[in-house]
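J.: Protein sequences, first through last, are from chains V and Z. To convert, note that position 192 of the first sequence is 200 in our numbering; the numbers rise steadily by one, no gaps. To convert, note that position 494 of the second sequence is 495 in our numbering; the numbers rise steadily by one, no gaps.
I should point out that these hints are in silico values taken from the structure, not numbers from a laboratory. You may find that some hints are simply not true.
[Unchecked claim] With the C-beta cut set under 10 angstroms, the calculated list includes, among others, these residues of chain V facing chain Z: (1) P218; (2) I220; (3) S229; (4) H237; (5) R240; (6) L314; (7) D315.
Even glycine gets a Cβ: it sits at the ideal position worked out from N, Cα and C.
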Amino acid sequence: MLRYSAKQLLNMALTLFAVSFLVFALNELSPGDVTRKILGPYASQSQVDHLTREMGLDRPAIVRYFEYMGRALTGDFGDSIYYRQPVSTLIWDRLGNTLLLAAISFAVIVPLSVLLGVLAGMRERGWFDRAVSVFSSMCASIPEFAMGVFLLGIFVVWLGVLPGTSPLRADSGWAIWMQFVLPVLVVTFYDAGYLIAMVRSSMVEVMRQPYIRTALLKGNSFRNVVAKHALRNALITPFTVILLQLNYLVSGLVVVETLFAYPGFGRLMLEAALAKDIAVLEAGTLIAVSVTMLTQLFGDLGYMALDPRIRV
Amino acid sequence: MAEILAFEHVSIAYDGRAGRQIILNDVSFSIGAGEALGLVGESGCGKSTVALATMRYLPRGMSVIEGHIRVEGRDTAGLSDQELSRIRGNRIAMVYQDPMSSLNPVMPIGKQLMEVPLLHGETDEKAAFSRAVQMLEEVRLPAAEAMMERYPHQLSGGQQQRVVIAMALMAEPALLIMDEPTTGLDVTIEAAILELVRDLRAKFGTAILFISHNLGTVARICDRIGVLYAGRMVETGQIGTVFRGPAHPYTRGLLGALPRLSGGGRRGKLRPIEGTIGAGDRSRIGCAFVPRCSFAVRHECEERPIAMVDLGGDHLARCARLDAIRASVKDEHDTVATAAGSNAPIVLRVRKLSKEYKLSSFFGGEKKGVVRAVTDVDLDARAGETLAIVGESGCGKSTLARIVSGLLAGTSGEVKLGETDLTKLKVDDRPPEIRRQIQMVFQNPDSTLNPSHSIAYALSRPLRMLRNLASGDAKAEVSSLLAQVRLPAEMAERMPHQLSGGQRQRVAIARALAGNPELVVADEPVSALDVSVQAAILNLLGELLEQSQLGLVLISHDLALVRHMADWVAVMYLGRVVEYGPVEQVFSPPFHPYTEALLRAAPTPDPDAAPPSAALEGMMPSPTEIIVGCAFASRCPSRIAGLCDTTPPPVRQFGDHRIACHLDLGGQVPVAPGGLTEMRSSTS
Ligand code: SF4
Ligand code: SF4
Chain V
9 MLRYSAKQLL NMALTLFAVS FLVFALNELS PGDVTRKILG PYASQSQVDH LTREMGLDRP
69 AIVRYFEYMG RALTGDFGDS IYYRQPVSTL IWDRLGNTLL LAAISFAVIV PLSVLLGVLA
129 GMRERGWFDR AVSVFSSMCA SIPEFAMGVF LLGIFVVWLG VLPGTSPLRA DSGWAIWMQF
189 VLPVLVVTFY DAGYLIAMVR SSMVEVMRQP YIRTALLKGN SFRNVVAKHA LRNALITPFT
249 VILLQLNYLV SGLVVVETLF AYPGFGRLML EAALAKDIAV LEAGTLIAVS VTMLTQLFGD
309 LGYMALDPRI RV
Chain Z
2 MAEILAFEHV SIAYDGRAGR QIILNDVSFS IGAGEALGLV GESGCGKSTV ALATMRYLPR
62 GMSVIEGHIR VEGRDTAGLS DQELSRIRGN RIAMVYQDPM SSLNPVMPIG KQLMEVPLLH
122 GETDEKAAFS RAVQMLEEVR LPAAEAMMER YPHQLSGGQQ QRVVIAMALM AEPALLIMDE
182 PTTGLDVTIE AAILELVRDL RAKFGTAILF ISHNLGTVAR ICDRIGVLYA GRMVETGQIG
242 TVFRGPAHPY TRGLLGALPR LSGGGRRGKL RPIEGTIGAG DRSRIGCAFV PRCSFAVRHE
302 CEERPIAMVD LGGDHLARCA RLDAIRASVK DEHDTVATAA GSNAPIVLRV RKLSKEYKLS
362 SFFGGEKKGV VRAVTDVDLD ARAGETLAIV GESGCGKSTL ARIVSGLLAG TSGEVKLGET
422 DLTKLKVDDR PPEIRRQIQM VFQNPDSTLN PSHSIAYALS RPLRMLRNLA SGDAKAEVSS
482 LLAQVRLPAE MAERMPHQLS GGQRQRVAIA RALAGNPELV VADEPVSALD VSVQAAILNL
542 LGELLEQSQL GLVLISHDLA LVRHMADWVA VMYLGRVVEY GPVEQVFSPP FHPYTEALLR
602 AAPTPDPDAA PPSAALEGMM PSPTEIIVGC AFASRCPSRI AGLCDTTPPP VRQFGDHRIA
662 CHLDLGGQVP VAPGGLTEMR SSTS
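Using the sequences and the hints, build the whole thing.
T.: In structure tokens form, the structure reads like this:
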């Protein structure tokens, strides 16, 4: 297991290296140069040239790449040309906000999905199963945006009990925790719908297995069979998918963040992309890729712990 | 004798969208303490429903609509869920087909065993643990304590079934239900499991309900037998009485359809039961067997319910015309066909064929080794004759078949069809002419029939591809192919799913014949079919061999079938041919010790057969092991210490018959023409 983890970490480092190089190269190839973007269309050519020299952009790309990587390793990702501050302060801040939202949502989504999925799947085609199936497919099929607008309509416009935006500032007139309620709700509805369906179908599959019959015909009560024999087996397949939700929660929340003006990582990336703010994009990509690869590693390790048939 | 289980006029129905369907119809039987009842019948007859109903665990939609099921005198219908849980696993326990899937894959064996006593009154974990260890020892698993920690996937199929049996016996139940417990296991493992069940039964006095489609295994375990047909019990009685004098035409059919080890062999005619159970047969008022019965008479058999007739001596049969049938009793055994000479021309010649795989682990490095799947095999397949290849799974018989048919390439040696060497030619590299000459038939016909194409399409494709027939000619040829496999021409328009399993296998055979092949390689062609259907397919293969002079290579684990079909037999063990020769010589002494063990293990439906002596213990070594002496030395009962494990055995030849063994078998029989010659050693 240790060997495996070490091997995976090494793989990860190599992949990150490759990704960083790709992003850097894309940046080099993309039209329009950085200095022109900074100085605007009315700057003279000599001013542009001067800045180019000052920023060291006239040197070979490969040299600059290694310089960049060297600095990146110490946590310095350069400066954002759009926000006009160091990328590192900007990104860690935003990432922190997103991680907070992700953590809260994850803590709600996972127990909820596992509970509903297992209860629904243990009695296939029972009334509870039907109800849960309808609920989950409804949730999964409504887009985040529509769900957001709908909930805003109820809680903000109509009832007026929750804030409509979540800038995470205490001076906005609402307590910070209240600013979290709606974004978490929207993310939960959307994501849990999918996960519930996933857990349910895995549970249904497990309940049809002959070893469940064996357990029951040994004299186990139904509840015992579910808790001792079905649960662990039923979680093996959804486990990886559950962890994959972390990726979504870290880098896929653009819509929710935009809707609630939430100062998160996804929105930062969106704005950076629109403004062609390469330094931010580059750092963001590296972070997103690391998160993906880390969850992958945890996924594999957890998978092995759950299923004794998997060994590396 | 106290009654452990009694079915009293039980009827079970399935209520589905298509209305009510009768699954079991007025089934009565009882099992006394310590008694073993075998329940037989072809698939769909309701055997498994009986088992599940006993446990009160019927599938959704099925229910008992009439009658009573009593376990130790109590009607199970009135039990509460708690009372039911107290009976399950405690008074009645069950052993299933496919042990792998009936064990929880993520729970160690020990925990699964200990669960039983802990559920039924035991409170002390330690006591449960030692009971589990003791039970694992009872089922003769080695290193029982270590076994407790292991997971199901770390055990072999035979070991898994022993674990399931140990689990069933943990609470010393009064009744053990075994539902096809040895189906899918090798003959030698099957024999060992059956022997274990006999011993445990003697020791614990457990009553057994033994469900099987195999009359041979039933004969080994049971005192009484019940024959089910289309949800009705058609005959019950002591096993000896029924096997010697079956009263019901269906029972007679089942027994007559069976190829036997003791039979004359050489493709004599078996007596198949024509047709299959029809959808409406279960709900007939009169006899359900009418459409397939040659004794059926309308007014006697169809118009009113037929009662069980008591024939005396605990023998009952449900048939209206028992007297007429008894009067017509003839010799039921298959007739001996004239033996073909063994000098038929050789179609396929295999010499010193070996197949090796190099193992390398996925990430490179760690595990390395060589799998020797086939080692130095010599064989001939002759025109118009059957060469059977037998042995336990993993012996290399399927690899050999795959090399011949070009799904794999051999590593060294030669495989010659006529003058062409095929050893390294995979199917795609073979010239079309060769591809036409070698065809395969698989165990599961569905693997070659595309479900979305009609039978006509399935058959005309090879005709056009292999024989370049125009589509008009191909159409005519399709009908003649169907006629060859005894299927009506209308079948051509059907889709595969509209055919029964037996009919699909006929289509698969027709497809193999489409190119006028010289050699057909059949890998377990009938092992997925019911006995009665199997007989018809075997008869068909026999006829085809006689008519068309094609050579048949038959891969099978069923020795009775091999005895019946084969002209030549090759017995394989660990990739090597240990005995080879004409079937009547291989199946009579002198035997290679491995052949002898296989023959002894084969279950025979003969109530008089002596109980088998000790079954073969242990397992085949891994094909990665390097064998210095005889490959069989680790399990051989007649091993000569110091010789067998160090020196490869010589090949002794008696005429056409070859045995690779150190034993001096020559003294036991007159030396065949050609004398006892020592040839080269069979291992390298
Ligand atoms: S009752 Fe008639 S149809 Fe049924 S088995 Fe007897 S003879 Fe055949
Ligand atoms: S050579 Fe020895 S070990 Fe091998 S089969 Fe013969 S007696 Fe047994």
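J.: Next, verify each hint and record whether it holds.
T.: Against the structure, the hints:
1. P218: Holds: closest Cβ of chain Z sits about 4 angstroms from P218/V, inside 10 angstroms.
2. I220: holds, 8 angstroms
3. S229: Holds - the Cβ of S229/V comes within 10 angstroms of chain Z, reaching about 6 angstroms at its closest.
4. H237: The hint holds - H237/V has a Cβ within 10 angstroms of chain Z, the shortest such distance being about 5 angstroms.
5. R240: holds, 5 angstroms
6. L314: With a closest approach of 7 angstroms, the L314/V hint holds.
7. D315: Holds - the Cβ of D315/V comes within 10 angstroms of chain Z, reaching about 6 angstroms at its closest.
Hint compliance for this structure: every hint is met.
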